[in-house]
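Undergrad: Sequence:
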Amino acid sequence: MAKNEFLPFAIGAGANVTSQTEWAALQALVTGFSSGKASSAQINKALRQSTFIASAMAQFIISKTNADILDNGNIESFVSKFQSALAFQSLSRNNPGADIAEDNNELSFRNNLGLNDTMSTDNYGLWWNAALSSLRIRIGGWNIPNTTGGTGTTVIFPQAFPDACLIVIPVPSTGGASEQIGCQSFTNTQAVIQKGASDTEPRSGKYLAIGY
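Basically my numbering = 1-based index in the sequence shown + 69.
Just so you know, these hints were derived from the structure itself, not from any lab.
A portion of the hints provided could be inaccurate.
[Unchecked claim] With a cut-off of at most 30 angstroms between alpha-carbon atoms, the simulated DSSO-like pairs for lysine-lysine come out as follows:
hint : residue 1 : residue 2
1    : Lys72     : Lys133
2    : Lys150    : Lys133
3    : Lys150    : Lys275
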């Protein structure tokens, strides 16, 4: 374990230090201690405040770099280790995201930025968004109970395509196989599924819509 030689002073329970209320009101905070004798509690308070922060900063550097922080007067070495600790804590501009992968935090990173695929389904209709591309898929159902040939029905996509729908493929599932079911028209919000002119059977099924 890395060594921290910057130790806090007077942090034990019951330490002889001036209370925070008295310390905040002390004139010496503005002028410093004048000639005469300062109380040991006041001196201890000043030492504790400075050494507490110094020790905490040194421990932060150790936790990020696992390097010893020595009380050897080498300011250049301390600054270098402090910069390394800050670089480890923050994202790297030279190799963006490398620290995220190294920490195995890709999932949390994508969640924080909303970059995960999203999907919702009720086991009949479905929408799916691929976060890392513009591809969008919608699945839903349609039903044409009318026996008249050429009859159609309008289906509303479970979620609208942000830009455009590219294709809609209807697939019959009841009423027997048919090659006469087609998509007459579609927009980014809906499609019209239509039977062929000679198809006099009720039809129902599902559709697959792809867009972006």
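Undergrad: Check whether the Cα positions of Lys150 and Lys275 lie no farther apart than 30 angstroms.
TA: violated (62 angstroms)
Undergrad: Between Lys72 and Lys133, is the straight-line Cα distance small enough, at 30 angstroms or below?
TA: Holds. Lys72 to Lys133 sits at ~13 angstroms (cutoff 30 angstroms).
Undergrad: With the threshold set at 30 angstroms, check whether the alpha-carbon distance from Lys150 to Lys133 stays at or below it.
TA: holds (9 angstroms)
Hint check: a violation occurs at hint 3 only; the rest are consistent with the structure.
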